[in-house]
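Asks: Take the given structure of chain S and dock chains A, U and L to it, following the hints.
As they're listed, the protein sequences go chains S, A, U and L.
Once you know that position 102 of the first sequence is 102 in our numbering, the rest is easy, because the numbers rise by one and skip nothing.
Once you know that position 96 of the second sequence is 96 in our numbering, the rest is easy, because the numbers rise by one and skip nothing.
Once you know that position 97 of the third sequence is 97 in our numbering, the rest is easy, because the numbers rise by one and skip nothing.
Once you know that position 71 of the fourth sequence is 71 in our numbering, the rest is easy, because the numbers rise by one and skip nothing.
Please note that a few of the clues may not be correct.
Claimed, not checked - Straight-line C-alpha distance at most 25 Å; calculated SDA-like pairs for lysine to any residue:
hint : chain 1 : residue 1 : chain 2 : residue 2
1    : S       : K46       : L       : T115
2    : L       : K64       : U       : E48
3    : A       : K100      : L       : K62
4    : L       : K46       : A       : T68
5    : U       : K114      : A       : I54
6    : A       : K96       : A       : H66
7    : A       : K4        : A       : R86
8    : S       : K114      : L       : T112
9    : A       : K64       : S       : N83
10   : A       : K62       : S       : C110
11   : S       : K4        : U       : G70
12   : L       : K64       : U       : G51
13   : S       : K100      : U       : E38
14   : S       : K114      : U       : H66
15   : L       : K96       : A       : F42
16   : A       : K78       : A       : K131
17   : A       : K78       : L       : G70
18   : A       : K92       : S       : R27
19   : U       : K117      : L       : E6
20   : A       : K114      : U       : I54
21   : L       : K4        : L       : E104
22   : U       : K117      : L       : T98
23   : S       : K8        : A       : H66
24   : U       : K122      : L       : K64
25   : U       : K114      : A       : P55
26   : L       : K62       : U       : C110
27   : L       : K114      : A       : D113
28   : A       : K97       : L       : E6
29   : L       : K62       : U       : L116
Keep in mind the hints are simulated off the structure, nothing from the lab.
There are 4 protein chains.
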Amino acid sequence: MEFKYERKINYYETDKMGIVHHSNYIRFLEEARCRWMEHQDFSMEKMEEIGITIPTLEINCKYKYHVTSGDTIIITPKIIEFNGVRMTILYKMIDKKTGKEVIEAGSKHCFTDKTLKPINLKKNYEEVYIKFHDLVENDILYK
Amino acid sequence: MEFKYERKINYYETDKMGIVHHSNYIRFLEEARCRWMEHQDFSMEKMEEIGITIPTLEINCKYKYHVTSGDTIIITPKIIEFNGVRMTILYKMIDKKTGKEVIEAGSKHCFTDKTLKPINLKKNYEEVYIKFHDLVENDILYK
Amino acid sequence: MEFKYERKINYYETDKMGIVHHSNYIRFLEEARCRWMEHQDFSMEKMEEIGITIPTLEINCKYKYHVTSGDTIIITPKIIEFNGVRMTILYKMIDKKTGKEVIEAGSKHCFTDKTLKPINLKKNYEEVYIKFHDLVENDILYK
Amino acid sequence: MEFKYERKINYYETDKMGIVHHSNYIRFLEEARCRWMEHQDFSMEKMEEIGITIPTLEINCKYKYHVTSGDTIIITPKIIEFNGVRMTILYKMIDKKTGKEVIEAGSKHCFTDKTLKPINLKKNYEEVYIKFHDLVENDILYK
Numbered sequence: 001m002e003f004k005y006e007r008k009i010n011y012y013e014t015d016k017m018g019i020v021h022h023s024n025y026i027r028f029l030e031e032a033r034c035r036w037m038e039h040q041d042f043s044m045e046k047m048e049e050i051g052i053t054i055p056t057l058e059i060n061c062k063y064k065y066h067v068t069s070g071d072t073i074i075i076t077p078k079i080i081e082f083n084g085v086r087m088t089i090l091y092k093m094i095d096k097k098t099g100k101e102v103i104e105a106g107s108k109h110c111f112t113d114k115t116l117k118p119i120n121l122k123k124n125y126e127e128v129y130i131k132f133h134d135l136v137e138n139d140i141l142y143k
Numbered sequence: 001m002e003f004k005y006e007r008k009i010n011y012y013e014t015d016k017m018g019i020v021h022h023s024n025y026i027r028f029l030e031e032a033r034c035r036w037m038e039h040q041d042f043s044m045e046k047m048e049e050i051g052i053t054i055p056t057l058e059i060n061c062k063y064k065y066h067v068t069s070g071d072t073i074i075i076t077p078k079i080i081e082f083n084g085v086r087m088t089i090l091y092k093m094i095d096k097k098t099g100k101e102v103i104e105a106g107s108k109h110c111f112t113d114k115t116l117k118p119i120n121l122k123k124n125y126e127e128v129y130i131k132f133h134d135l136v137e138n139d140i141l142y143k
Numbered sequence: 001m002e003f004k005y006e007r008k009i010n011y012y013e014t015d016k017m018g019i020v021h022h023s024n025y026i027r028f029l030e031e032a033r034c035r036w037m038e039h040q041d042f043s044m045e046k047m048e049e050i051g052i053t054i055p056t057l058e059i060n061c062k063y064k065y066h067v068t069s070g071d072t073i074i075i076t077p078k079i080i081e082f083n084g085v086r087m088t089i090l091y092k093m094i095d096k097k098t099g100k101e102v103i104e105a106g107s108k109h110c111f112t113d114k115t116l117k118p119i120n121l122k123k124n125y126e127e128v129y130i131k132f133h134d135l136v137e138n139d140i141l142y143k
Numbered sequence: 001m002e003f004k005y006e007r008k009i010n011y012y013e014t015d016k017m018g019i020v021h022h023s024n025y026i027r028f029l030e031e032a033r034c035r036w037m038e039h040q041d042f043s044m045e046k047m048e049e050i051g052i053t054i055p056t057l058e059i060n061c062k063y064k065y066h067v068t069s070g071d072t073i074i075i076t077p078k079i080i081e082f083n084g085v086r087m088t089i090l091y092k093m094i095d096k097k098t099g100k101e102v103i104e105a106g107s108k109h110c111f112t113d114k115t116l117k118p119i120n121l122k123k124n125y126e127e128v129y130i131k132f133h134d135l136v137e138n139d140i141l142y143k
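Same shape as in the complex, but just chain S:
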């Protein structure tokens, strides 16, 4: 079953165009990513406790429809690539009211220690490796 993250747009997230500032959608992606990890019972905070940081290597975002304060978005993140060193996540974001696709986005990440040195989960954190790996499998199944 897909994980869906629902959240309302805040007033301070709009700009003078009257709509959400495009930079904020990048933050919503992070929210969805973190909530989804937490839902899988390995929150970003747990990761950091055991010494894993997950920086962002790349962001791609196409803006298709705009929402504004008071609107509600629903974000569905999916891991489409993971090898223990890098991970690619795709996001579906729709406006709850209209069902329209708001953005089409993807993010790439690596795994590092606290000093931001790259690490290989397969070697150093097998349990975490398996968790992420299984998520990719599951993902493929319902594609």
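Replies: Chains A, U and L only, in chain S's frame:
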């Protein structure tokens, strides 16, 4: 001669990783874009006064090196595509101290009226069309 | 019965101190204010539709305890003053896990039209005036 | 001679009211505070290198006049209280174009180690203590 936008990183732009949060670089690109337009004597505010809004259609950003509070970045925006309806800008962002490339990014934009309806600068705002068009020319020249 | 707004802290809301940047708490207050108005069935968006904008005149915030990403805060806003022209709101914010008071804050607001010219709700929007006025009454009752 | 921090308002700092979102002024105060410390040759980064963090204990801000993207503000910070344990700073912020006072604000801070435990600069960092102390003296002189 290239336009360069220099700015310091603020404390509130960092996150608990100790470096600039990746969403903020997208904002720095907008700053560079707006300062550069202002430098060309047609600031975003002037555009809006005459009825032109310039929403963002797409953002692509590769994070290569991280900066943090107190560091200074230098951003060089370049229009590489413009046809009066859409525009593509590429950005070079380096860390002033080390000269290292911080991100590699591009943004796509369209031109709309105040109600965010697309407009064609060539038809409706020839003077603005020529300005942008010339910038692309110049750009190609010093490539 | 008191309205309580519960929300999780996001990663991008922290700074390199490892805790929420102090400016973000001001945004959380706005969130609580807007959710509470919506709960009363006159959301900020409805207000704006009928021509009422509610700018902030003053913010006072004492930082007592820090939260960080993954923590959950619970905010309870209360109108303590309202006369149709101005309004004062106090906020209680606690950390859900520890129950500790995170900040002690208040905000003052006025009511304006779309051009930000002050208006008097009692004269121009009696229905809205009564709604706000009743909330202050209720508030006094459970003090 | 007074230190003045001049900065332009960015597009992403506005909200759908068409003006700077009130939370952003709190960030501008931090910018002014940090630039001013840097101007005194003890930047926030230097402080952190030697183990001093300067959290915010309190913010008070009265919003008097609004600016928007493209406008330029000039901020003048002044230390009015300092005892080695706590510090109070007042800020004057004007709109460069009109000279109008934008906000009237103050911030209170303490000094801590990296773990956010309070420290007394007089005991632990006499050199820093003297620097801050002298700034208060100078301040009183030109009042």
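Asks: Just pull the numbers of the violated hints for me, sorted ascending.
Replies: Violated: hints 3, 19, 23 and 27.
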